[in-house]
Amino acid sequence: MAEKSKHLFDNPRNVKRILYLLYISCGILFVLDFIVHRHISHGWEELLGFYSIYGFIGCAGIIFCAKALRYFVKRRPDYYERGDDENKEVHDVVS
Amino acid sequence: MWSAEVPAFLPFFIGALLALVTRGPLRSAMMLATITVSGVHLWLLQGDVVVAFDFLGYEIVPYRVDKLALIFGYVFHLAAFMSVLFALHVRDTMQHVSGLLYAGSAIGAVFAGDLVTLFIFWELLALTSVFLIWAQRTERAYHAGMRYLIIQVLSGVILMAGLIIYHGETGSIAFDYLGITTIGGWLILLAFGIKAAFPLLHTWLTDAYPEATVTGTVFLSAFTTKTAIYTLARGYPGIDILIYIGATMACFPIFYAVIQNDLRKVLSYSLINQLGFMVCGIGIGTTLAINGAVSHAFVHIIYKSLLFMSMGAVLHMTGTIQATKTGGLYKTMPKTTILCIIGAASISAFPLFSGFVAKSLIMAAALKEGHNVIWLILLLASAGVLKHAGIQIPYFAFFAHDHGLRASDPPKNMLFAMTIAAFFCLAIGIYPDMLYRLLPYELNYNPYDLTHVLAQTQLLFFAMLAFVWLNLQKLYPPEVEAVNIDAEWIYRRLFPNLLRRAFAWVWRTDASARQSLHHRLVRLTEHLARIHYPGAKASQLRPTGNMVMWVAILLAVYMWLLLSFIE
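Residue numbers (numbering that gives the first Met the number 0), protein chains in the order written: chain H, 0 to 94; chain G, 0 to 566.
Worth flagging that the hints you see were computed from the coordinates, not collected in a lab.
Derived lysine-lysine pairs resembling DSBU-like cross-links, with alpha carbons at most 30 Å apart: (1) K73(H) <-> K473(G); (2) K15(H) <-> K330(G); (3) K5(H) <-> K324(G); (4) K330(G) <-> K5(H); (5) K15(H) <-> K473(G).
Selected chain G positions facing chain H (Cβ under 8 Å, derived; list incomplete): (6) F254; (7) K330; (8) L379; (9) A382; (10) A454; (11) L458; (12) F460; (13) F461; (14) M463; (15) L469; (16) Y475.
Just so you know, even glycine gets a beta-carbon here, dropped at the ideal spot from N, CA and C.
Work out the full structure: start from the sequences and follow the hints.
Here is the structure:
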């Protein structure tokens, strides 16, 4: 209770700093695509920013799909323990 | 005394026996010494070793060392050392003994040169490991362990059937390339597939691993599935179907991992995703791909142990590993946090970490062989790994929402075990040649060329960006306490329900059949009683003459028949 010592991320400014660091890194990485001459083993890699865009869309897509999946597979925590009555599905999905 | 032909599993079994009769620091020292001695023994081996004898006309090869088996032998020793060290503080003879036996069985299995020996260690793997789940000593763990055991033993039975049929078809029990041209080969593949957690056969893993003890899960994560990867690499390299199975395994667990609340369950799904990369590599089957699959198994064992250890440390210190309850622990568990992040960076394959130098081989092999779509899927899976293992695990355990849990870093032995794992994650990442020299095939590959490093870094950083963006937009699915049903629903819900209904129907039909029969019997008795009442039909008196007349008629008919035959 009495613990009041400040920790690294208790200060929102530190969180902001980390995020800015990430934004700047992403910016630099994207720009590097124009500068670095890459040897390419596949046609798709020629598209500018292929890896950046694929990474972003892939990750976001996965999260959205997982959210959708939750709608189908989510059950109450004691679903398997209460093996008795007809399985009323919990649809209080937090969306 | 020292002989190259002493099988590597033997020290483990002797060590397990000694662990039974020793206590305290003596046992700790003895267990670590056993593994070290056995490891040095293996390290000193020069060239291939084959120990074989003839048994009832079959050539049994209990110990066969070649480069493919040897690298698994090394990493199993390392994993055993870390797992035992991590569990040293536990005062539970059952766990120590079964842990050593389990590691020994896995080592026995990878050095098995024939299918019968393999079968024996295959079953031992199941029997020894289940105690690591039961050691939790809760009803939940008991049931989960039982389901685990049944499926594992089933895999053994299928292997047995497969090897008998295979022997009938080919006349050989040698464990080399098996292929799928024979029925026996298919059955053995199925047996391996169960242990390798192929899609729909994977639920024993996600069901049981999160229920095992803190230290037991670390053991479990290393041996069973990687033994299966070894057997697939030995028996089924270059089988096309494995490419597609592997790609499926690399993808579907990601979605499940994202929505799990139990962080050890997240890691279990992530384990299947990692196996997917290896199975895919085995399916591609070129020397580059096999090297990739093997090196991925090698580094995977280390960083997956590290992640399971760090989550185990949290569970050990706080008593929970549910994402809804953890968070903010970086404040009081800084060492564990850093070690966990090293594991997370390794599994995400950041350059300079071990995952990067191994996964690259499989990706390169997929492109080289023209499997473009598979390559795209694996790339997506790579972004997914970062998401569910690289970010989700450390973020929800140590950062995210502070739920007020306060716990210090775990005991020294746990920290030390994690440090060893973290050391290897970085060392292999920085000096990949350390790993590449051990690989079964010659390898000329430099993972650190600018193109490749840039591509991987872009992929990972923009995936992180997506995570941050979704979090800031509050679009990220929140942690909730829930069960997410998977294929285990088939045998935990569908079959029991069907059986219950089938039995209910049988009992109902049976009851109504009995009732109607009973009803008829009652009516029959009533009818009989009615016709026997005084004055009723059956109680009328009949004269004896009637009977005499009927006898005469019968005799006449009889005579007539007899006569017609004589004619």
